[in-house]
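Peer 1: Here's the letter readout for the chains.
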Amino acid sequence: MIRLLFRLLPLLASAWALRAAEPLAHWAYQPVVRPTLPTVKQSAWPRTDLDRFILAKLEAKGLQPSPEADPRTLIRRLYFDLLGLPPAPEEVETFVREFSLSHSPTVPPAIGESEKARKRESEHGAVARLVDRLLASPHYGERWARHWLDIAHYADTHGFERDQLRPNAWHYRDYVIASLNADKPYDQFLREQIAGDVLAEGSKVQGPKSKVAEAAPTKETGSQLSTFNSQNLAATGFLAAGPWDFVGQVETKSDVLKRAARADDLDDMVTQVLTASMGVTINCARCHDHKLDPISQREYYGLWAVFAGVKRGDRELDPAATARRETERKQLQTRLRAVSAELGRLSGEGLDLADMVGGGNGRGTGTKGAGLDLRTGSVVKDKLGYHRDSQLNRLQKPEWSDANTPKFVQWIFVPDGKAPVPIASQVTVSNLPPTSGHAWDAIRNGALNAQVSTTLDGVDFAAAGHSLLGLHANAGITFNLTEIRKASGFAKLRFTALVGFGAGPPAAATRADFSMFAGKELLFQKLKLRKDESARVDVALPDTAETLTLVATDGGDGIGNDLLFLGDAKLSLTVEAQSLAAADRARIETLRAEEKQLTAALAAKVDGDKVYAITSSEPPVVKVLRRGNPEDAQEEVAPGVLACVKHAPADFARAKTEGERRLALAEWITHPANPLTRRVLVNRLWHHHFGVGLVDTPSDFGKGGGVPSHPELLDWLAEEFLTRGWSVKAMHRLICTSAAYRQVSGYESVSVRGTKRAASAAPSLPHSHTLTPSHRLDASNRLLWRQHPRRLDAESTRDAVLAVSGKLNLAAGGPGFRDFKYTEAYAPIYDYITADTPELWRRSIYRFVVRTTPHTFMTTLDCPNPANLTPARTATTTALQALALSNNEFILQQARHFAARLERAAGADAASQITRAFHLAFARPPTREELAGATQLVRSDSLFALCRMLLNANEFVYVD
Amino acid sequence: MNSPYASNLRQRSATRRDFLWQLGGGLGGVALTTLLAEQSARAASPQTPDARPHPQNPLAPKSAPSPARARAVIQIFCPGGLSHVDSWDWKPELAKRTGKPFDPTGTVQFFASKPGNCQGSYWSFRQHGQCGRWVSDLFPQFAKCVDDITFIHSMQSKSALHGPAMFMANSGFILPGFPSMGAWVTYGLGSENENLPAFVVLPDPRGLPPGGVINWGAGFLPAVHQGTPLNTDPELPPIADLFPPKNFAGITPQGEQAGRNFLQTLNRQHAAARAGNTELDARIAAYELAARMQLSAPEVTDLRGESDATKQLYTLADEDIGPFGRQCLLARRLVERGVRFVQIYCGAENTGAKKIRPNWDSHEDLVRDHGYWGRVLDTGAAALLTDLKARGLLDSTLVICTSEFGRQPGAQGKGRDHNAGAFTAWLAGGGIRGGTAYGTTDELGSKAEEHPAYSYDLHATALHLLGVDHERLSFYHNGVQRRLTDVHGHVLREILA
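Chains as they are written, first to last, in my numbering: chain A, 1 to 960; chain B, 1 to 497.
Don't read these hints as lab results, they were simulated from the structure. All values derive from a computational prediction rather than experimental measurement. Glycine residues also receive a C-beta, built at the ideal position from the N, C-alpha and C atoms. Treat the hints loosely; a few may be bogus.
To be verified - DEER-style ranges, computed between Cβ atoms:
{"hint": "1", "chain 1": "B", "residue 1": "Glu449", "chain 2": "A", "residue 2": "Lys623", "range": "41 to 51 Å"}
{"hint": "2", "chain 1": "B", "residue 1": "Gln257", "chain 2": "A", "residue 2": "Gly813", "range": "43 to 53 Å"}
{"hint": "3", "chain 1": "B", "residue 1": "Gly413", "chain 2": "A", "residue 2": "Ala508", "range": "26 to 36 Å"}
Same shape as in the complex, but just chain B (with noise of 0.2 Å):
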């Protein structure tokens, strides 16, 4: 095989291969990749579909190594908190009890204070879609697409900190420098449209979520597999560094290409003294690659293809809506054009904005707050799923929306403090059975009770349907065969169509 990494690294998993034989296998511990090299390698088998067009390129499609019902992912991350108990986790018992102690004994601290009395809703709660299933006032868009969710109420996280939470949410641990769950995809399936990053990013405009840039990191995974952040903004070309800078003196069309001919002859007469060296054909190949993307990105972002009626279904106009509409849409058409992974932001962190809470982390005012942000993601959510379904993408497509933690059922004044105990994510599409839920929390909404969740099994059960067994997707580092679920995780299977 080919293999896109530095031949130390190739070489050092099949060591490890080896060592993890000799011990009777099933530790689980096998590098994907060279489980597809086997596969590759077995052959010119022509029932391989596994098609090479740039075996240097570490992006190239790689296929399944079992039967896939998605195809891409979509996800949608609220960073700052998102109340399950205002939005999907209906909770009659505490509505009840609004008003009544929380924490009669006055030992329990959350994270910023001593909780208040309990508090329902904000919203009420109402049945929707043929499911039956309840949905708060807040969502009333995306209350259409009900039946084709999957709830999971019973997730919980390991840290009620926003930056550790996030990590863990994105890469299943809760420090930082671990792949992120697209750069696990990637790494994992390559990409089927070379010329457009693998795993792309739709950061919210207003800035980055608690954590930083890092969310999207690659960890130890080679940089390739790192989410590339996509400029949302009209103004500015898509991806950074795609074109010289508006108005450097000096460049032009013809020169570029020039410059660039010059360039490819330089490097190949370079290569061909050094034969047998891949990594330098490779990089020839980049840039040959490099000048598709500089065609293939700003089409993307390009929406004047798009009919009004589109542009109407995710509000686009709208000041405070269209900024995460426009974030939707460019998923979908991202995902139509064969990217791997798509991660959305519906909210920021570190941002100097005001008014407004940048998130959902909503301490002292939830209706304030999560009335602005709900708002938000109904919209997009609702006009995403729609839109995918009419053009036929659900069914291959996986839609994750989660948080990094809950909400608590007791007050912290007008807000909500947090919550790592409970929370609800939800999915659609990619093989997801709909109208449904997984989980519950206890009758205040306060913990998972039953089949408690983490990201782990949110995670293994993505890599399912993605056609990859989690506990074999790993990567050696610094003694440890690494995998996105940890050591745990399982696919929970009674939410798969």
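Looking at chain A on its own, in the form it has when it is part of the complex (with noise of 0.2 Å):
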């Protein structure tokens, strides 16, 4: 084998330099080179080395840089651009005190070059000083965050027909979070997101001195290595964040179907790592080579094979962590139970069938809410939907999860009513009517989904102290009378129940029936029940019956509406309720005690963490598929990457296992030699500080994409950041500290230079006239000859409303809200809901975030579908916005919450509760017309109405 690669290597040494020779010279592909720092004229103008590159294209062009802003201005952008948030108004005074020391009185006025000097240095100081508290505050992770979850096109459910819940996909949310704030190094950035689950393996040989283990979070207080162990796993929930298609990968039976499906899920693998991290539009080569750039087919399908094993999936976080907890629960569970049936032996109280059906002994121990699925007897915790294909009369034995779960419920059915169900040898169920054998949600301990009324006879049985046992028709149960008299020590039993309609009004003509049978003994039946009846059963048991069946059926009218329930069923002893012994009671008090601290340390001990990341498995051989068809597969392809970009080879052959090819690959990407991964990064930095980058397509540095603006600078930036150790805030301190990004982002200000009064006087010009030289010759400044004006987007929208409103809740981490209700269904429904309480108010980054009903007023404010994967988001202007910022319910809740915070902070006095508005809002004082203006609107009509419309005016949606 070895000999072999060595025969080859020659002729590959020739392919490449043959390629070199070639006329695809693309930039690029190119090495990174430090460039010298070239000489400008105008010298006092750069505050950093990376101004010089931009000042020497302006001076080249004949253009002038613009002045720097004003330290309002100054705040609030840096504000936006780091944290998403707007300043607090103490902290605009603050800033603008120490930026402007040199104007104090005690300073005489400038006029020498060194006060000049002494000013700038000021300026200079008070600015670095606030980029260096907005990065070492934990909300900056929370708004860069954003941008990384754009390129992973990040969300919480699958997308597609089934778009099923993601609830464990957080974690990797928050590892991106925890990971920016950390200012973890970029390349082990990238490396943990493609191998993080090999690094995680590595890193248990190698223990916590590894390079990985020191910037790793330590918020928990367990081992360390254990910390970085699932951090590094979550970290893979990047391969994972794309949308999914269950229905395709798992539901259909066509295999043909299943391929195809598999096939766009690794396509989309592929795409998401090359783009985001080297800026290769790879996917162009999926059914032929690339049409602008050097990357064939064959090299596409080779990353495939990279991934080939690759799989998406929740995984246990912290598969230790999760064991230890089984086992304590477990303890706490067997205790529990010995606890609840002396309880009930003592104290002769009956025992509950609803709680039976939650996994519970008939005393409390059950889970609410919880039910059992007819069609498989698995227990369910969300609601489910129509069943029209379920098996009829086939009992399903409910699948417990713990094995510790008392046997008390026999089998779960779903009734034709023709033939006679068999229960047990001997004993069959039989004289039920027909049925359509169809079904809805579950069998459960407590409501049913979609049930309206939870009361009958006036007593509502999901109350406090009462039970409810929901069986939709059509459905049947049976209890196992001779497990449940063995545990509880009855010997004689009675059933008691009240059965009814929990439906709404459009049940008014449906009927249904329910019947009751001890073994095969047909007890009780009530036929044709109506929606405004009810039933009271209470029957003795013969002592030989060893099983309890219970059955609703739909009536013979289709199972619409057909929302039966029991309340308060129970079994309990015939016997009359025997005076207890004082020792008894005693006893029963002290068990009381105990059964409620078990109860709660049970529920203390939740379900093991998981995170929705990736699976790992044999990858299968991957094989070219002709014009990206999987059922025309060609020539077998090993893992490879691209040949254009020949920094290094990248390792295959020590790749022994399906994880060991991704780390390859991710240690190629973030090999310090690729010319593609740093110059990337560097340019979306730059893309989110000045709106455009260096190459206006972030994610495409290929011939298709954008030509840099200044390439010496891109490489300079590139360099630095080498040098700084990949360290993305050492970046951000760059550029946020430099002049061009300090500039203005006016256009007339340059001609109009201490004049400006003189613009603001006459607000009713034309526009135009004022335009300068540097508008006329770089319209679009592509030069960065001014800052660009930026506009709020939908997340950072949200985030200052609330922001102003007083009302942000900053809670950082965990489960995300969800601001819609959730209803279960074949394909699940997403209802909004406006968001009114303080867990809904927190950062847009902890939203749920739904794919295939995304957001109105979010989507509307041009939040990207998270199909895509989101380099630059686009910034339209419509009237559906100024409807969505002016009427929905959420804004007009925020802005009373605003004029609530104003009157609390201000006063009774409009000029002052106008005056904080403007410092909270625009983050400077009104002038005296608006305070006129705003005075009028208060009086004429409310505090509120000057506050919804300072939500919706241009200054507040706009950054300078």
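Both chains are given apart, each in its own frame, so use the hints to dock them into the complex.
Peer 2: Encoded structure:
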């Protein structure tokens, strides 16, 4: 094998040389070379070396840079840029003071050069300190994670037809936030996202001395080792972040359709990794060689081979901790069962059948709301919908996840009502009315999906002290009386319950039946039960009966609205409650206390954390697919990378496992000599700081993408990035303190310098007459003779509204907030609600993002579709946005909170209220005219009306 | 040109264009907006009908690059998979083989089942109109309009799964995230009534179709091009957030006006100090536009002005048909008022509704479910075609009816499984040659046989009728100059009038 490789090497080398000689010398594939700093005429302007690159270009074109923005503009710009939040008024004032120290009365008016220099120094120091403070804020990671999650097309549901929840996806989102806040070196950040699971394995051997451990967040008190391992695992959520088609991957019976869905899955992963990290539009080579870039179709499938063993799915975040927790939970459960059983025996209370459906012992140990799926017997927590395809009369055994669950529920089934249902040998249940054979939701310890009423005969069975057993037609359930007698010590049993409808007005005309069997004996039956009726059952059970079977059927008119349920369905001792001895009474008290304690302890032991990430398996053989058709496989390909990027060969030879293939790719991508990875990242940072990248196609550095406006600057930044240890925060610091970044964004400032008052005094003049030479020569501002004004994105708008209203909930991390009502169905339904509670007032980065049903308000404000990799957001201006910001209930409520906040802070004086409002919303006091206009509005209408309009103002949604 | 888009986007397409021209052009990747920009830059020429009342409005009407036959599109979408062999694709051979094995080899695997025996149409077919096209008895009203219709019998999809196939039918790609046809059309042509959204969607009142809201999404196009759902419930405001919620305390009409005046004054002062930033002017204009929309949108959904005869035509009073009839009537009113693209959904998906399948996806009881939905579609579509024709709107309005795929000729119990290999779409008006058909399926209706067609061809033809070349309507996204028709699509000239 090795010899073969040696023989091939010269061939390979010559192939590479040949390629190098080809006229494919695209700039982006050339090595990054540190350029010499250009000389500039206005040597006083640059604040950092990067400014020299900007100024040199401007001077060459005869353009002037713009003056520095005033401190209010700067602090607002920096806050939104780095934190995505507005500055508090006090912070603004402090900064303005610090910034303007040189103007304070103690310092004589600036005239000499040294004074000028001192003033600049003071300004610079103020900005640098502010930037440092912002970069140290935990909200920095929340802001910049949004940019990365856009590239990762992260969301909290699968997408496609059956858009199911991904309740554990958020660990990846938190990983990104934590990594950014910790300023994790970017190369490590990428490696973890591509092959973190392998790094986690490796680090177990290496121990916490490795580089990985140093940057690991240490929020948990548990072992350092396990913390960073699980973080690395969460990192691979990157590969799984995109959409995934459950129907194509799992549900369909057709292999052709499954292969097609899997092909899209792999394409998604490969595209995500290469586009995010290297700005290569690799997906263009799926059906043919890339039309513009030197990427062959074969190379594309070589990358497929790297990911061929990767699938998306939930994975234990920390298997050891989960196992520990499971053991503790079992011990608690065992004790609780014993306590409850003894309590029941002593007190003679009835055993609750609904509790048994929830996996309990009849005394409240079961899970409230849990149900048993009629089709499979599995335990379900989420609500289910309509079942047409159930197997009829087929007994399903409850699939308890905990082996110690009492075996009180023996079977569940969907009856057809014609054939007898065999419950046990020699025992069948018959004489049931015929049914449609369809079913709804599950049998539940609690209300059913879509249940409207929980009240019968004036008693609300959902209230404390009562129980509710949901039994929608058509469904049957058999309880094992033998087991129940054994566990409870009850010999003679009596069954009592109230049966009725939990449906709403549409059920007026529907009918349903209820039947009850002890063994095979039909002991109670109510046919054609009406919605406005209920039936009381109170039957003594024969001692010989080994089973109790309850059946709800549809009354022959379909199952629509047949929401039957049983209130307080109990098995109790038939003997009268005996008078208790004092000792027993004391014992009962002790047991009650212990029961309470155990229940609380158990509730604290929540499920082991899982992360929606990747699972690894033996990679299948990958073949080139002609025209991308999964049914037209051609020659086999081995894992590989792109030949057009020649910094180093990827070392797949040593990759023994699936994960090591990804690690080899990750190392190739993050190799210091990779010409693309660093250039792409510094350009992304530039894009977000200036609104446009030096390359204006941040995810496409190919021939079809943009040409860099400042190629030397791009390389200089990429080199600085390496010098500064791949530190993203160091790059922010560099850019945000530069003179280029700190310029004003306005157009006319250059020509009307010093006469600004004149411009604002004549607002009605047509705009065009003040255009500067810079504007004429470079209207689109590619050379950055000014900063770009920018509109807040959807998330920042929402966060800013909450910050200004005073209601922003800064709780960080954890599961996303769900501002919708969720209904389980074949394709789940997401109905949005107005965010009107603190839990829903968290930052937008913590919003639970649904793919098929995006949030209308956010989408209207240009929040992108998470099906797409979004390197750059678009900003549209539409009438629907105006309507959303003026009339959406969320905005109106927040405007009201804003007004209340002003009243609290500024008292009843309108002028103080308005001044405070302008400070909060715009980081400045109102002008005299504005104060007059606002006062008039507050007087004629209300403070609320003013607050609502301030949230709609251009100044609120634009950053200068 | 005052492009509606952020300056960076504008710059990007210019760079891209230069690049393509250097390569010799003809790669078909030039953004239409750029072309239009050149047209309007070329002049002040009096022939340019491109009047721009609000230069900042991305939905300002744009003249079609080539002569247009249609001014607007109404698309009826029947999600779930409408069975072509029970509706419009007459298969006498299938009827003959009813009860005989469909797949004697036993190797075929459909989406959810192994094929059962051949099953002929559950409804009889008859010839209709001057043209004598065959239509099943499921559509007695619609059959009377057949002389205005072109059927495309050879439609195919690239997926037999609802989600991907819905995306393909709407956006040309089986993956989510691509702009829907309505978004592309308004991106290319804007709208003739800026007081209403340019692309309006009338979802089924029972819920969203498979794949959800993103079926009418703008994908990577600017969000202004996404479909705006119009609430068909007369009790609710027609557009989300058109007005503050009812009974929100502290909002009065006078206060609204005073607040708006204050806002615009504030915004004008703000803009004056930032002369040259036209985005600020655009946002000021957007608030004025929003105020006009508050007047024009409720007017559209107010049906009181419609005659009793019209209401009867659309069968508005019927419990089952009424909601769809209302959607169709609203579509006519929208098009009448200059809305460019209207999409109507005849069926839902993610809904908790029971008894009847919530859309055409008839796996277990085709007679029950197609029977129900057929009656709905038959009445509404026939009313729409009749009404448009009577008002002289059919010539300038392209009506399209499609599904994401068809159903299998081999039975699945009493139903039929998914069939991506063949389905029928039909078109009417807007430059379509009536009374004809394009393409065929094999003798059983299992697969497209003659002139197989995909959504690409349907989309290319529709764009052509709107005066747009589908190869030139494009938008740069992550390395590719994207099109509605991907790298495919042929205008089906045979079906043009």
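Peer 1: Against each hint, give a clear statement of whether it holds in the structure.
Peer 2: Consistency of the hints with the structure:
1. B/Glu449 to A/Lys623: 41 to 51 Å: violated, 30 Å
2. B/Gln257 to A/Gly813: 43 to 53 Å: holds, 45 Å
3. B/Gly413 to A/Ala508: 26 to 36 Å: holds, 33 Å
Violation of the numbered hints given earlier is confined to hint 1; every other hint is satisfied by the structure.
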